[in-house]
Structure formats: structure tokens, C-alpha cells
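Please take these sequences and the hints and turn them into a complete structure.
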Amino acid sequence: MVELIALTPLIKRPILFGALAGLGVGTAGLWLESLWIGAVYRYPWPVSMWPEALAMAVPAAIAMGICGALLGMVLIGQKLPARPVSITAVVLTVLILGAAVANGLRTEVPERATATITLNDLSHDGGRRMVSADVVINPHDLVSDDPEWVTILSWQGGLANDHGLAIDKLRKISEGHYRSTQPIPVYGSWKTLLRVQDGTTMTGVPIFLPADPGIGAQETPALASSTRPFTQELSILQRERNQNHPSWLFEAASLVVLFCTLVLIAVLSWGAGRINGTESRSDSDTLPTPGPKEPVPHGK
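Reading the sequence shown from the start, the letters are residues 1 to 300 in full-length UniProt numbering.
Any given hint could turn out to be false.
[As the list claims (entries may be wrong)] Keeping only pairs whose Cα atoms sit at most 16 Å apart, straight-line, the calculated EDC-like set for lysine to aspartate or glutamate is: (1) Lys169 with Asp134; (2) Lys169 with Glu148; (3) Lys172 with Glu148; (4) Lys172 with Asp125; (5) Lys172 with Asp212; (6) Lys172 with Asp141; (7) Lys169 with Asp198; (8) Lys172 with Asp145; (9) Lys169 with Asp146; (10) Lys169 with Asp145; (11) Lys172 with Asp146.
Hints are computed from structural coordinates only; laboratory data are not their basis.
Bear in mind that the values here come from a model prediction, so they are computed numbers and not experimental data.
Take a look at the structure:
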């Protein structure tokens, strides 16, 4: 994308080139990425995520394109725009990226929400229990009409050709009522949960989790019928994660990383401006100084 735009006359106008290249990456590039995700990954991007994705990607890509152009101008010795303009571009880029990251990290777990899951045995050969699931979410309007996904995820098992991973996108029967579309493993080392993402809501309900003596975790049995609360899906997906630390430690570590990142950006910006200013002064010093004009002889 960037290379194609570089073939146009815009390459002679670095800042405009960077902005338009960023716009291309944040739109057409994002669309091409969605095609790759849909072809390779198990969770394709739904249409419902595009407004928010573009709202974050386009400003961030344009801002990064402008900063990339400024850095390129420094590297080739081309004079930067006025100092306030360059500083404003960098500061705005940092703010835009910070807002996009903060928005992407926002997650919510619904309070007092539950899922009633009814399992029906499909097969039980050699202890390999496969079931179907009927899921009723309470409250019924917890999930919108167009969520990112409502699935049952099973992982760390061993079905042939599945590499220990099975994902069933549930079929919606009515508001808050869903059914599985394929057999679900609930035996052995499989871990199975109901997984919901709808906007900023990212949550899950365990269906079956085997006992894990290594981390002191008890089995969550796959009952014929159960009503369990929604919880943070990370606590299920990463049940091995050590939670024995103060709650403030993660926030403190994040602030340290943020501080180091801002210092790095500030130092790079200061260094780039200093180098560019030095080169600009050197170029002006080497320009030939015009001497006194020679008198023009007049013919007699």
C-alpha cells in the first residue's frame, strides 16, 4: 500500500505522502487484514466491529504516517517544518495512540448475569463424552442483535485434525436463547466454556474444566443442567495465571512501561530535531557568500 503511493508524485511532499499512506493503511490495509483473519483464524471479524475499528485505526494510521514522514525528512537531511508544528504532530500522535490503546483495553463483565446450560449426551465411547448444549442467558437482553461472537470454545484436548481446539458458533433461537451446532467435548484434558463478546463486554461461563492439582484447581463438572454466573473470561482461559499479588502491582508496572515509552519518544524527538537543526545550519554555512559586483565596462 505505502509502496504504491510512493510511486506517485506525492513522494516529493513527505508530510502529505505520510498522511495519505497512513489513510490507506488504516482503511484498505485494514480491510486486507480482515480477509487474512477470515481465511486463517477461527474468529473472523464481524461487520459490527468495523465502525469502532475504523474510528481507532484511521486517526492512528494518519498520525503515524505523518511522524514517519518527519523521521524520513531527518534521515535524508531535509528541513523539518516549524518547531511548533513538528512538536504538535508528535504530541497528537502520542495522544491518539494512547486513546486507541485505552479504548481497546476496555472490557466489561456484566453483573448479576448468568447462563443456564443444559447438556445432552451425544456419545460416551471409552469415556469420551460428547454433548450438545442449550444455552439460556439471563437477562435475555444481555447480548445485542449483532455481537462479535457467542461461542462455545474447547481447547487443550485431542480430537483428530483439530489440534486440541474446537469452536462452535452458537445458533440463535430467540433473544438470549442459543444452541450448539456441533458436538462439544467435556472429558479428559479438554477445557470448555461459553464465550461472549459484544462490544466492550468480554465474558465467559465455564462448562467443563478438569481438575489441575498443579495449581490447586478443582474440577468444574459438566452437569446435565447448571446455572453459573458470567465471569471475566481471562480467569477461565488463563486459570493457571498466578493471582497471588497485590492488585496495584499490574497498574504500577503499566505506568513504568508508559513512562519509559514517553521518555523514549521524547528523546528520539529531541535528537531528531537537534540533528535536523544542526544539518540545516551547516547547509546554510556552506552556501557561497556573494562578493562585490564587478563594474560593468562601458564601451567608448
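Here is how each hint holds up against the structure:
1. Lys169 with Asp134: Within the cut-off at roughly 13 Å; holds.
2. Lys169 with Glu148: 11 Å, holds
3. Lys172 with Glu148: 13 Å, holds
4. Lys172 with Asp125: 29 Å, violated
5. Lys172 with Asp212: 33 Å, violated
6. Lys172 with Asp141: 13 Å, holds
7. Lys169 with Asp198: 14 Å, holds
8. Lys172 with Asp145: Holds - the C-alpha atoms of Asp145 and Lys172 are around 10 Å apart, at most 16 Å.
9. Lys169 with Asp146: Since the Cα atoms of Lys169 and Asp146 sit roughly 13 Å apart, the hinted pair holds (cutoff 16 Å).
10. Lys169 with Asp145: Holds - the C-alpha atoms of Asp145 and Lys169 are around 15 Å apart, at most 16 Å.
11. Lys172 with Asp146: 11 Å, holds
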